[in-house]
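**Student:** Throw the hints in and build the complete structure from the sequences for me.
So the protein lines, in turn, are chains G and X. If you use full-length UniProt numbering, the first sequence corresponds to residues 1 to 245, in order. If you use full-length UniProt numbering, the second sequence corresponds to residues 1 to 245, in order.
No lab work stands behind these hints: they were computed from the structure. Keep in mind it's a predicted model, so treat the numbers as computed, not measured. Quick reminder that beta carbons are idealized off the backbone N, C-alpha and C, glycines included. Mixed in with the good hints there might be a few duds.
Only part of the chain X face toward chain G is listed, based on derived beta-carbon distances under 7 Å [claimed, not checked]:
1) Tyr14
2) Val18
3) Thr23
4) Lys33
5) Phe161
6) Gly166
7) Asp181
8) Tyr206
The calculated lysine-lysine pairs, modelled on DSSO-like cross-linking and capped at a C-alpha distance of 27 Å, are [to be verified]:
9) X/Lys8 <-> G/Lys186
10) G/Lys144 <-> G/Lys119
11) G/Lys70 <-> X/Lys8
12) G/Lys119 <-> G/Lys186
13) X/Lys135 <-> X/Lys186
14) G/Lys119 <-> G/Lys8
15) X/Lys144 <-> G/Lys186
16) X/Lys202 <-> G/Lys186
17) X/Lys202 <-> X/Lys86
18) X/Lys186 <-> G/Lys202
19) X/Lys186 <-> G/Lys229
20) G/Lys119 <-> X/Lys4
21) X/Lys138 <-> G/Lys168
22) X/Lys4 <-> X/Lys86
23) G/Lys8 <-> X/Lys86
24) X/Lys144 <-> G/Lys168
25) X/Lys33 <-> G/Lys70
26) X/Lys144 <-> X/Lys8
27) X/Lys33 <-> G/Lys33
28) X/Lys119 <-> X/Lys138
29) G/Lys86 <-> G/Lys8
30) G/Lys202 <-> G/Lys33
31) X/Lys119 <-> X/Lys86
32) G/Lys168 <-> G/Lys70
33) G/Lys33 <-> X/Lys70
34) G/Lys168 <-> G/Lys86
35) G/Lys70 <-> X/Lys168
36) X/Lys8 <-> G/Lys33
37) X/Lys70 <-> G/Lys8
38) G/Lys138 <-> G/Lys86
39) X/Lys119 <-> G/Lys186
40) G/Lys8 <-> X/Lys33
There are 2 protein chains.
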Amino acid sequence: MATKFTEKHEIQFYECDVTGKLTLPMLLNIVIKTSESQSEALGRGSDFVNSLGLGWVITQHEMTITRLPKTEELVSVTTEATSYNKYFCYRNFWIHDESGQECVAISSTFVLMDLTTRKMTSVPLDIIEAYDCEKITKILRGTKISSLEDDSDAREYRVRFSDIDGNKHVNNSRYLDWMVDSLAYKFLTSHEPTFVNIRFDKELAYGNSVTSHWQEASGEQLISKHRIKLDGTLCAEANISWRSM
Amino acid sequence: MATKFTEKHEIQFYECDVTGKLTLPMLLNIVIKTSESQSEALGRGSDFVNSLGLGWVITQHEMTITRLPKTEELVSVTTEATSYNKYFCYRNFWIHDESGQECVAISSTFVLMDLTTRKMTSVPLDIIEAYDCEKITKILRGTKISSLEDDSDAREYRVRFSDIDGNKHVNNSRYLDWMVDSLAYKFLTSHEPTFVNIRFDKELAYGNSVTSHWQEASGEQLISKHRIKLDGTLCAEANISWRSM
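**Tutor:** Below, the structure written as structure tokens:
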């Protein structure tokens, strides 16, 4: 049984939007920070992984949101590396508020990338053993993402210097920023997300200009659909479920 | 003599750029957070200020940078409201590393804005008395910012949903992001800022599209010049001094 790892985090005003609640991109940053802390505590931090010529890449997040924490809240961020197979590592995250109520639960899939070839590699025992998580043979399929019907709604985003992280590519959180930004201000200030399912297909570099395509939230479940493309190639796809505030 | 207020802050990976060092926009966010904490400790937090129909607005920062802290560093952020006159409040900030070395020193000018008229108002005693800072009659003039010669270099930035903060306008840190982003990747990864002098002239709202104009760092002191304009109106201006790494 894998060990859970918990850290406290105070939500900063600059991690929140105009409504005073944590943004979805910052939610991703905060949980990833906790998995990095766990890895470092186990002697498997990014320096160690990089020394093997490898880097962690996220391929999917499924985020169930009870409520997004607010500015100045002190939350507990918990993570657990649950299982792995030849290529995929599965990890869960939770955010709890000070009264112990669950705010967010996330199921994520990670792979290891060869930093030279930028291709996926099998998971070395030397990395994964430290996490004490279950080896499985099955590939866990995430919840399917329903695709946009067409790309008629499109907005261009040029990758900025500040979008590039220590892995020398666009940080995953930015894709979600470009997706959320496509929705109307009025909608975003009167609705909150309840479920986000995002899949990352292609890394992006400085100099790239992508298009963010969207379909506004519709249906009883108020699901908005999103995809990010680079020169016609799919880079990420997401569905976000919303409820009115 | 005003009281200094200090908080610890751990630099997060998502507050840093590809070089692993704190970004200038995040540096601003981190120090502003500490002044907000001080104000709350004195019962003069944003709820109190807003209840008077007012909000704080920054008009200038002069940032002297010995070194930018790195990811995972635990720094001390200190602030002191030094003096005020009828309209202007002056505040200093410092960031020190764990060995007590100064990383950054900032002199800032704040004014109070009427949230309805969006105009500057005189400083109410009910707010400022709590800080125990000196009343002065003189208006302190900051270091002059040398203007760009022309606007031929220009890049457009559309204000995004995530640029808007709790004051319902673009957060000050974003202006600096648009300025830094205009410089070349190769320059930004081989130089570090030593002094930033930024003045804010006009607030920006959701829906605005601004142009960021720049002049690359030149001269012995390697000073880059920047300005942000909205429909021809100056919104912010800055000089940044650099040194090669």
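**Student:** Are the hints correct? Go through all of them and say.
**Tutor:** Hint check:
{"no.": "1", "hint": "Tyr14", "verdict": "holds (4 Å)"}
{"no.": "2", "hint": "Val18", "verdict": "holds (4 Å)"}
{"no.": "3", "hint": "Thr23", "verdict": "holds (6 Å)"}
{"no.": "4", "hint": "Lys33", "verdict": "holds (6 Å)"}
{"no.": "5", "hint": "Phe161", "verdict": "holds (5 Å)"}
{"no.": "6", "hint": "Gly166", "verdict": "holds (6 Å)"}
{"no.": "7", "hint": "Asp181", "verdict": "holds (5 Å)"}
{"no.": "8", "hint": "Tyr206", "verdict": "holds (5 Å)"}
{"no.": "9", "hint": "X/Lys8 <-> G/Lys186", "verdict": "violated (37 Å)"}
{"no.": "10", "hint": "G/Lys144 <-> G/Lys119", "verdict": "holds (24 Å)"}
{"no.": "11", "hint": "G/Lys70 <-> X/Lys8", "verdict": "holds (20 Å)"}
{"no.": "12", "hint": "G/Lys119 <-> G/Lys186", "verdict": "violated (41 Å)"}
{"no.": "13", "hint": "X/Lys135 <-> X/Lys186", "verdict": "violated (46 Å)"}
{"no.": "14", "hint": "G/Lys119 <-> G/Lys8", "verdict": "violated (34 Å)"}
{"no.": "15", "hint": "X/Lys144 <-> G/Lys186", "verdict": "violated (40 Å)"}
{"no.": "16", "hint": "X/Lys202 <-> G/Lys186", "verdict": "holds (24 Å)"}
{"no.": "17", "hint": "X/Lys202 <-> X/Lys86", "verdict": "holds (20 Å)"}
{"no.": "18", "hint": "X/Lys186 <-> G/Lys202", "verdict": "holds (24 Å)"}
{"no.": "19", "hint": "X/Lys186 <-> G/Lys229", "verdict": "holds (26 Å)"}
{"no.": "20", "hint": "G/Lys119 <-> X/Lys4", "verdict": "violated (51 Å)"}
{"no.": "21", "hint": "X/Lys138 <-> G/Lys168", "verdict": "violated (48 Å)"}
{"no.": "22", "hint": "X/Lys4 <-> X/Lys86", "verdict": "holds (22 Å)"}
{"no.": "23", "hint": "G/Lys8 <-> X/Lys86", "verdict": "violated (42 Å)"}
{"no.": "24", "hint": "X/Lys144 <-> G/Lys168", "verdict": "violated (36 Å)"}
{"no.": "25", "hint": "X/Lys33 <-> G/Lys70", "verdict": "holds (15 Å)"}
{"no.": "26", "hint": "X/Lys144 <-> X/Lys8", "verdict": "violated (32 Å)"}
{"no.": "27", "hint": "X/Lys33 <-> G/Lys33", "verdict": "holds (20 Å)"}
{"no.": "28", "hint": "X/Lys119 <-> X/Lys138", "verdict": "holds (21 Å)"}
{"no.": "29", "hint": "G/Lys86 <-> G/Lys8", "verdict": "violated (32 Å)"}
{"no.": "30", "hint": "G/Lys202 <-> G/Lys33", "verdict": "holds (22 Å)"}
{"no.": "31", "hint": "X/Lys119 <-> X/Lys86", "verdict": "holds (14 Å)"}
{"no.": "32", "hint": "G/Lys168 <-> G/Lys70", "verdict": "violated (31 Å)"}
{"no.": "33", "hint": "G/Lys33 <-> X/Lys70", "verdict": "holds (14 Å)"}
{"no.": "34", "hint": "G/Lys168 <-> G/Lys86", "verdict": "holds (25 Å)"}
{"no.": "35", "hint": "G/Lys70 <-> X/Lys168", "verdict": "holds (16 Å)"}
{"no.": "36", "hint": "X/Lys8 <-> G/Lys33", "verdict": "holds (18 Å)"}
{"no.": "37", "hint": "X/Lys70 <-> G/Lys8", "verdict": "holds (20 Å)"}
{"no.": "38", "hint": "G/Lys138 <-> G/Lys86", "verdict": "holds (9 Å)"}
{"no.": "39", "hint": "X/Lys119 <-> G/Lys186", "verdict": "holds (25 Å)"}
{"no.": "40", "hint": "G/Lys8 <-> X/Lys33", "verdict": "holds (18 Å)"}
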